[in-house]
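Number of protein chains: 2
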Amino acid sequence: MITHKIKRSTGTITLPYLKLDSGEELTNVEMAYERAGKGRSDPILVCHALTGNQNTVGTEEEPGWWRGLIDYKGYIDLDKQDVITFNVLGGCNGSTGPTSIKNQALYGSEFPFITVRDMVRAQREALAVMGISHLTAVIGGSLGGMQALEWAVMYPELVDNLIVLAATDHLSDYGVAYNAIARKAIIEDPNWNDGHYTKDHFPSQGLSLARMIGLLTYRSDTLFNQRFHRGEKDSWGNDHKEVAYQVESYLLYQGEKFTKRFDPNSYLYLLKAMDHHDLEASRGPLPSVLSRFNKTVQLIGFQGDLLYPPEEMERLSKAWANVGTDVSFHKVETVYGHDGFLTEYDKWGKLVSEAIE
Amino acid sequence: MITHKIKRSTGTITLPYLKLDSGEELTNVEMAYERAGKGRSDPILVCHALTGNQNTVGTEEEPGWWRGLIDYKGYIDLDKQDVITFNVLGGCNGSTGPTSIKNQALYGSEFPFITVRDMVRAQREALAVMGISHLTAVIGGSLGGMQALEWAVMYPELVDNLIVLAATDHLSDYGVAYNAIARKAIIEDPNWNDGHYTKDHFPSQGLSLARMIGLLTYRSDTLFNQRFHRGEKDSWGNDHKEVAYQVESYLLYQGEKFTKRFDPNSYLYLLKAMDHHDLEASRGPLPSVLSRFNKTVQLIGFQGDLLYPPEEMERLSKAWANVGTDVSFHKVETVYGHDGFLTEYDKWGKLVSEAIE
Chain A
1 MITHKIKRST GTITLPYLKL DSGEELTNVE MAYERAGKGR SDPILVCHAL
51 TGNQNTVGTE EEPGWWRGLI DYKGYIDLDK QDVITFNVLG GCNGSTGPTS
101 IKNQALYGSE FPFITVRDMV RAQREALAVM GISHLTAVIG GSLGGMQALE
151 WAVMYPELVD NLIVLAATDH LSDYGVAYNA IARKAIIEDP NWNDGHYTKD
201 HFPSQGLSLA RMIGLLTYRS DTLFNQRFHR GEKDSWGNDH KEVAYQVESY
251 LLYQGEKFTK RFDPNSYLYL LKAMDHHDLE ASRGPLPSVL SRFNKTVQLI
301 GFQGDLLYPP EEMERLSKAW ANVGTDVSFH KVETVYGHDG FLTEYDKWGK
351 LVSEAIE
Chain B
1 MITHKIKRST GTITLPYLKL DSGEELTNVE MAYERAGKGR SDPILVCHAL
51 TGNQNTVGTE EEPGWWRGLI DYKGYIDLDK QDVITFNVLG GCNGSTGPTS
101 IKNQALYGSE FPFITVRDMV RAQREALAVM GISHLTAVIG GSLGGMQALE
151 WAVMYPELVD NLIVLAATDH LSDYGVAYNA IARKAIIEDP NWNDGHYTKD
201 HFPSQGLSLA RMIGLLTYRS DTLFNQRFHR GEKDSWGNDH KEVAYQVESY
251 LLYQGEKFTK RFDPNSYLYL LKAMDHHDLE ASRGPLPSVL SRFNKTVQLI
301 GFQGDLLYPP EEMERLSKAW ANVGTDVSFH KVETVYGHDG FLTEYDKWGK
351 LVSEAIE
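If you read the protein sequences in the order shown, they are chains A and B. Residue 85 in full-length UniProt numbering sits at position 85 of the first sequence, with consecutive numbering throughout. Residue 255 in full-length UniProt numbering sits at position 255 of the second sequence, with consecutive numbering throughout.
Hints are computed from structural coordinates only; laboratory data are not their basis. It cannot be assumed that every hint is accurate.
What the hints assert, rightly or not - Dumping the calculated EDC-like pairs for lysine to aspartate or glutamate here, alpha-carbon to alpha-carbon at most 20 Å:
1. A:295 / A:344
2. A:102 / A:160
3. B:5 / B:79
4. A:233 / B:77
5. A:19 / A:125
6. A:295 / A:314
7. A:233 / B:278
8. B:233 / A:280
9. A:233 / B:79
10. B:233 / A:21
11. B:295 / B:256
12. B:7 / B:77
13. B:73 / B:357
14. B:233 / A:314
15. A:295 / A:346
Predicted, not measured: the structure shown is a model, and the values here were computed from it.
For reference, chain A alone in the conformation it holds in the complex:
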């Protein structure tokens, strides 16, 4: 058996200075990245979602989160394309964020407010440091899709193709509502301590609860019901802490697991950025904003997505078509809901291949 080794490098770009939308400034901004491919000049930029990271392709031992889409001879073919992903600004996987050190102390909740546009600006500057001035495509799902949309509007001359999955031009009030509850779960944890928690006094229960709330929106009711069939762990008992149904046990497990890999402050900053994202804001009406990018756009929505309903993506698609842009919208029929963009690649991967041809 021949394994096709994928050329992959990881590292960190340091930006001496970054001005944020809030007016605040960050210095020595680190942007952790993964680059896969042969070092071509016009790579594809991947933007990751809320709890994702830059390990999009990963290694043979630890395949990345989008390896099902991006591989040697994959829907995005690493034999033909290079792919770069940055950990988002404000994240907690190597890029500057609340877990970074400033003046010998953690930023923590002293980290400044950041926006999706700040994330994109930081990526653009990091790419410039890498000598990359043009992108074959920008692609992302969920919060990554929001970044991709901002990319097209902020730097239209740098991007040939825009591919957005499970994301819309703004988060709905219903989406903000879920985020608000996740936020309250974290800041009401007795270990929260205004963001100045320690490893020994860590708001893990609040973060775990926040994750559980998120999970309700990532997958559809159908998938939950198909998977668990009301399976019981123990059907009686007066102890409210007792796990009675498998679905509860699953959520508790997923919540706890998440606390091992994510920082509560970072989670809060990214939620706020998501809430705040609005392609129109400070720019004027949507049609004029969309008309800034007139190359090709592929929008892919997923049935049952509570956070970014396909109907809203279709509305965006029509608005974009109305200003003369070459835009396609496709709704994927799935029981996965929002998480559709992380699975069932056979259903929609070809749309991505075609978009970047």
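We have chain A already, so just place chain B on it with the hints.
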């Protein structure tokens, strides 16, 4: 102007003894009720939802939660019908529950596990004490609809018509998931103290969070989005406690308001009963269970109901029709989602009128 005074009485029935599904026994069980109407022999029994109470009709000064449906000349006409509602067993509005006293101490989390069937059994015995041995109809929505379903199956000979709104024969795993998260929110509150909280150390943040989680399922995304339009309270800031969007402010307000009127232990017991409800359990396959009630059934589902999808109610309706019961299903088109059963009476009230004619 003539006001039609509605004859209404409230009170409490005491049952010396109640055997629960768990095998445990309660003594001196109090069942708080409201009775409206002229004292006719075959009243309509209303079953209330999770956070409802027995004040269904209420007074002129404080109209009850279903006054829009049940009134003098209403869809349920108090000129022609009597209506009785009990506060559920395990509730906190006068009926025996975790806030009741046993041996000079609060039950609190020592209250036994209760089921929807226990709630129904207690109502049936309380009605017997009142001298009522036959019901024109049993009607309820949500957890009240689950009780109504159990009524038809447990006491088919006592019920002429069954009217179920926004409820199904079992709670889905997706529904259990929401309840699981609400449960965790309460028991992780530092004031929870294994259910032995006090008025001064009350788990209000956890209960508030639980309420907020519930609200996400009571109303549809469309309604949230139509109502708030991403209205801002303050669009900047680094303080995660800051309210940035009106929808967040609304949820926080509703959460806090709820803590003034509901008991956390009671909430947990009722959630567990809801999780556990399954018309089939210990009875055999659904068709044989449904065949126990062969009078008339009206099922009303609401578009966008995440907890009790109308499609599931339609499935139940077909199963019931298959065993020869006179059953109708109607799906109400609405932006309210689950809460449709508490509003827009003009859309579906007539179905109720017709069902009890």
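Verification of the hints:
1. A:295 / A:344: The hint is violated at about 27 Å.
2. A:102 / A:160: violated (37 Å)
3. B:5 / B:79: Measuring from Cα to Cα gives roughly 10 Å; hence the hint holds.
4. A:233 / B:77: Outside the cut-off at roughly 46 Å; violated.
5. A:19 / A:125: holds (11 Å)
6. A:295 / A:314: holds (18 Å)
7. A:233 / B:278: holds (16 Å)
8. B:233 / A:280: Cα-Cα ~18 Å, so holds.
9. A:233 / B:79: violated (50 Å)
10. B:233 / A:21: holds (18 Å)
11. B:295 / B:256: violated (43 Å)
12. B:7 / B:77: holds (12 Å)
13. B:73 / B:357: Given that 20 Å is the threshold and the Cα spacing comes to 14 Å, the pair holds.
14. B:233 / A:314: violated (29 Å)
15. A:295 / A:346: violated (26 Å)
In this structure, the hints that do not hold are numbers 1, 2, 4, 9, 11, 14, 15, in rising order.
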